[in-house]
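Undergrad: Starting from the known structure of chain A, arrange chain B on it as the hints suggest.
2 protein chains.
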Amino acid sequence: MPLDPTLFGEIDPPQRLLMGPGPVNAHPRVLRAMSADLLGQFDPEMTGYMNQVMALYRPIFGTANRWTMLIDGTARAAIEASLVSLVAPGDRVLVVNFGRFGLLLTEILSRIGAVIETVDAPWGETVPMEAIAAAIERTAPKLVACVHGDTSTTMAQPLDGLGDLCRAAGALSYVDATATIGGMEIAADRWGVDIVTGGLQKCLGGPSGSAPITISDAAAEHIFARRHTEAGIRMAGLEDGAGPRIGSNYFDLAMIMDYWSEKRLNHHTEATSMLYAARECARIVLGEGLDARYARHAAAGRAMTAGLRAMGLTVFGADATRMTNVTGVHIPHGVDGEAIRRMMREAFEIEIGTAFGPLAGQIWRIGAMGYNAMRHKVLLTLGALEACLLREGFALPPGKAVAAAMEAWG
Amino acid sequence: MPLDPTLFGEIDPPQRLLMGPGPVNAHPRVLRAMSADLLGQFDPEMTGYMNQVMALYRPIFGTANRWTMLIDGTARAAIEASLVSLVAPGDRVLVVNFGRFGLLLTEILSRIGAVIETVDAPWGETVPMEAIAAAIERTAPKLVACVHGDTSTTMAQPLDGLGDLCRAAGALSYVDATATIGGMEIAADRWGVDIVTGGLQKCLGGPSGSAPITISDAAAEHIFARRHTEAGIRMAGLEDGAGPRIGSNYFDLAMIMDYWSEKRLNHHTEATSMLYAARECARIVLGEGLDARYARHAAAGRAMTAGLRAMGLTVFGADATRMTNVTGVHIPHGVDGEAIRRMMREAFEIEIGTAFGPLAGQIWRIGAMGYNAMRHKVLLTLGALEACLLREGFALPPGKAVAAAMEAWG
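Protein chains in written order, with the UniProt record's numbering: chain A, 1 to 410; chain B, 1 to 410.
Hints should not be assumed to be uniformly reliable.
Since the list can't tell identical chains apart, any single copy or any two copies may satisfy a pair.
[To be verified] Pairs of lysine to any residue, SDA-like flavour, derived with a Cα cap of 20 angstroms:
{"#": "1", "residue 1": "K400", "residue 2": "R302"}
{"#": "2", "residue 1": "K263", "residue 2": "T354"}
{"#": "3", "residue 1": "K263", "residue 2": "M235"}
{"#": "4", "residue 1": "K263", "residue 2": "L3"}
These are calculated hints, taken from the structure and not from any lab test.
Excised from the complex, chain A in its bound form (with noise of 0.2 angstroms):
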């Protein structure tokens, strides 16, 4: 039967703890922040807010890069837009692959024509960087492009040295953080890497739909080597380049650099609420400090692994290298994953994911992250599961699992 609209009332949530993966509940400030009216995108208000959201996320990218903005759209349309920008068909692109997000670098880059390469990991372990020294020295690539934290196997690749190892072989360099900005530290200076893109739907605790993004001087020379700027918008001072133009408009990053630079070139039309939103995440991170959010999320980490741990349940992927801000899990033998998540559901409006690929069905990925990586709600997931665990059958011993995670949270 057709829905029938004029049914439709308020709109009303459930008051759900979201301890999945991400998305995860927003901060209430950054809800709020979302109320305020629009502007003009051309008002000088409105570029006020926009230049200071450039000086807001230098310090969360880790970054002095001017070129330091927001896309308008989920963290995958900054992705794309990287990756669109950066690479022409035929480049030999390098892809790190240690999980799902690592396939989607190398599906979006399929379909801008480049030449893939790869050097993997199984999936719950990252790749050795004498091993992706190797697979550069041996494919000679345009562009290394790498995810951060892959939370569809809960590992965080160590990335201090790619840059170098990158310049040294005249690639660009480019990294997904969505999963790890305002949890784990971004460090894209120190790194050295060219671009840096994020999501404001996990540890910055806002939406999704605005894409944190820091392009180096490097790698915005290239891209302006490509400008085609629009034939009903052109200005002086924005000469085309010699490069091949960028596959795409929405995503140029030329004419969206230009738009954030004082010539204000009209490009799309900013998503006002959704700057608001990722202003007022970026204000929240720098007010508790980086390193303290830093420590918060692992604590967080820390606790859940603990946690899961004295309840007799196996965590998924290599220590050394997990994620802090998710933790995969088994599913026990004999447990109904999916009776299980719904029961956390329904008996207790608590989310926690299930699994992707070669993992589906066999883990449960739990997250701790932005305004949810906070002790209690770790507690809480934890007790909830014990409890939904026991009334399934499975045998574990009661009341270790919240009193190990307080100890590890210290």
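TA: Just chain B now, kept in the frame of chain A:
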């Protein structure tokens, strides 16, 4: 001097009346809806809201199309998604071009690698249907692409009969209704066109960042024939098509439709707050009633035009095809257009629009869209403009504009 992030305070934009060509002020109900907390993207309440959005936008698009949903990005994201999903490199496309946004269609299409033909009208006019028919006959396109209301010229292209012409020629059809949806009638089914897209930030009275789209069954079939699901998330029932792969992942309408279907393919993370906004925009539109809403915009356009003429100003473009929701008016000889705009903003907190390309410096564009298509806002704008023009020394008959507008509103 670099901006110091620690100094940025609470979000606090000025309370400005946005009477330009968009974005405009959002309806307060829309801003409030965005402050609802987030949901997991496959939670039953979230997918329920997605289904409601599909139902809500069908009457707004004037369609029974199953595939009626949102693209996560600004209005131009939906334009690019439509074109990249319908058009393969080498396909011939006919663009109906009568302003900057027709040029934008050619710009996006040229990046896709389409062979582009145009049928043009001078800025300030629209293209006669007979000229479109002749151009279809001459060029035998696979797709005809057209803007409905082009804010750059304030003209609205009549579209009745377009679909019949296209179908008779075996062509698909696309219409960009960004600037008219929610303010002028959109009749996707009566026009017989295949894809129509919009944006929230004009007559729908919401923020930029979410773009409604409707897709006919014929277009959906064409697009599904190009389906190539990501390697990481393939599932039963999603067989790849034989057609050429769509050149973008983010804008791949086949995957986006699979995400909005009961298959719930994982693609992007839906921009939840923007979906709440889009839902509330639609509830407001349908609650007012489509006919009443279109009549209100028509009254606002009539009143604005009458008021401007009563001041002795010359309205731009053909009367018969003028958009109801934005009015172009010639900047009088000897008047500094930017000085007037600045005075309007600084003394009255009212924004009116500048212009692009051949009309830059020639006309102002004054909108009355969505929540701002109200009698008092039209009158306040006219009164303020009169005061600014008098202060700049322009000779006009004082007190006539507001009276003429009140009369014309009816």
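Undergrad: Mind listing which of the numbered hints don't hold for this structure, in increasing order?
TA: none
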